[in-house]
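Novice: Please take these sequences and the hints and turn them into a complete structure.
Protein sequences appear in the order of chains B and L.
If you use our numbering, the first sequence closes out at 239, no skipped numbers anywhere.
If you use our numbering, the second sequence closes out at 204, no skipped numbers anywhere.
Bear in mind the hints are in silico, worked out from the structure with no lab data behind them.
Check before you lean on any hint, since a few could be wrong.
[What the hints assert, rightly or not] Only pairs whose alpha carbons sit at most 25 Å apart, straight line, appear in this in silico DSS-like list of lysine-lysine: (1) Lys-131/L - Lys-123/B; (2) Lys-131/L - Lys-78/B; (3) Lys-131/L - Lys-26/L; (4) Lys-78/B - Lys-26/L; (5) Lys-73/L - Lys-140/B.
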Amino acid sequence: MNGVHDMGGLENLGSIAPEADEPVFHHAWEGRVHALSVASPTRRNIDEGRHQREKIPGPAYLAMSYYEKWFRGLSELLVAHGFITPAEMGSGRAAPDAPKATPALRADEVTDRFARKGSYGREAAAPAFAEGEAVLARNLNPHGHTRLPRYVRGRKGVIVARHGAHVFPDSHAHGQGEDPRPLYTVRFTARELWGEAANARDSVCLDLWEPYLERA
Amino acid sequence: MTHDHHDHNHDHGQEPPSDMALRVKALESLMVEKGLVDPAALDAIVDHFEHRVGPRNGARVVARAWTDPAFKARLMADATAAIAELGYSGGQGDHMVVVENTGAVHNLVVCTLCSCYPWPVLGLPPVWYKSAPYRSRAVIDPRGVIAEFGTALPEDIEVRVWDSTAEIRYLVLPERPAGTEALGEEDLAALVTRNGMIGTARL
Numbered sequence: 024m025n026g027v028h029d030m031g032g033l034e035n036l037g038s039i040a041p042e043a044d045e046p047v048f049h050h051a052w053e054g055r056v057h058a059l060s061v062a063s064p065t066r067r068n069i070d071e072g073r074h075q076r077e078k079i080p081g082p083a084y085l086a087m088s089y090y091e092k093w094f095r096g097l098s099e100l101l102v103a104h105g106f107i108t109p110a111e112m113g114s115g116r117a118a119p120d121a122p123k124a125t126p127a128l129r130a131d132e133v134t135d136r137f138a139r140k141g142s143y144g145r146e147a148a149a150p151a152f153a154e155g156e157a158v159l160a161r162n163l164n165p166h167g168h169t170r171l172p173r174y175v176r177g178r179k180g181v182i183v184a185r186h187g188a189h190v191f192p193d194s195h196a197h198g199q200g201e202d203p204r205p206l207y208t209v210r211f212t213a214r215e216l217w218g219e220a221a222n223a224r225d226s227v228c229l230d231l232w233e234p235y236l237e238r239a
Numbered sequence: 002m003t004h005d006h007h008d009h010n011h012d013h014g015q016e017p018p019s020d021m022a023l024r025v026k027a028l029e030s031l032m033v034e035k036g037l038v039d040p041a042a043l044d045a046i047v048d049h050f051e052h053r054v055g056p057r058n059g060a061r062v063v064a065r066a067w068t069d070p071a072f073k074a075r076l077m078a079d080a081t082a083a084i085a086e087l088g089y090s091g092g093q094g095d096h097m098v099v100v101e102n103t104g105a106v107h108n109l110v111v112c113t114l115c116s117c118y119p120w121p122v123l124g125l126p127p128v129w130y131k132s133a134p135y136r137s138r139a140v141i142d143p144r145g146v147i148a149e150f151g152t153a154l155p156e157d158i159e160v161r162v163w164d165s166t167a168e169i170r171y172l173v174l175p176e177r178p179a180g181t182e183a184l185g186e187e188d189l190a191a192l193v194t195r196n197g198m199i200g201t202a203r204l
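Specialist: This is how it looks when you write it as structure tokens:
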């Protein structure tokens, strides 16, 4: 989806404004939104969560803070998956006959959960491209979730690393299974992306799945 | 406002609770009532991100790499495994890659599509890292962005930007500052900044 979240290469969106001695959370509610989001049964699909936030209409997306977006995405996913009904969301109370779930994460499991090693790597077909090979990022404009930013589409790069096969977000975000595909790190020169005025030494590397690429 | 991390919100005191504070509280109550989350687990998660993870973890990784060549070799070959040796692992750090700054190369990490960041070694990202100005400009004008953070990079240094578009998470290994030969690992770790490990600063 060509949304405003895909903002690489834009300018004039404001000053970066780093804050000295920044707290982890600026308001207590931000910490609660973060905790609710990672403890929620909807957290099982990280790609779907990202796509839910991307679907916030552009003007609102740009105006909202990070945790406001997380709150909205979480609320919408809870309803979309039937964990909470729209009526319950409106009243703030569980329906009298609603079954009570068992929380997926207990307090005594939190430390282990956050240290647990996971992996998005999966067994899949062998990669088609070799390290050092020139590739072209395809000009794809899907209406759903993708991790192929607009600023590299149609640009030529070189494979600099291969990572086996990883869960493919374009499928996974839409409930179409993990659909693992080979994942590569691809280097694009700054001049290929931004033209001759860019520094000839500079480059941008992205991690791109095989369906995003073709042989150059 | 207090600097106590348990109570650094802006919602207390004379101010009435904000609209967001009320809405989040309502959702939390509902999720607890429906058995979807355990309130004690939420407290533990907030505590984890406020106190157990943060850039001090990454600084220990960097200081170890500066002082232990065998560790550095393992770190560059398989960062996830080497970082786990120091006890840091888990979500948003499952596939770590370390990129090394040298006199000839400077690395900068961004996530243009959302705000991907290596939680186990750097904790949660600062607001500027998640902001539209940084996410948009880091790839097209990395030198300008780094200059805004106070470092003018020489023209002849190569700048490599890493856009975190998959589940690979990047950590910059800064150059060890000159004149630190006498320092031990702990003192070296104290020199390592979060921005140095994102690449918006050089140490």
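Novice: Against this structure, judge whether each hint is valid.
Specialist: Hint-by-hint comparison with the structure:
no., hint, in the structure
1, Lys-131/L - Lys-123/B, "violated (36 Å)"
2, Lys-131/L - Lys-78/B, "holds (17 Å)"
3, Lys-131/L - Lys-26/L, "holds (24 Å)"
4, Lys-78/B - Lys-26/L, "holds (24 Å)"
5, Lys-73/L - Lys-140/B, "holds (21 Å)"
When the structure is compared with the earlier hints, a violation turns up for hint 1 alone.
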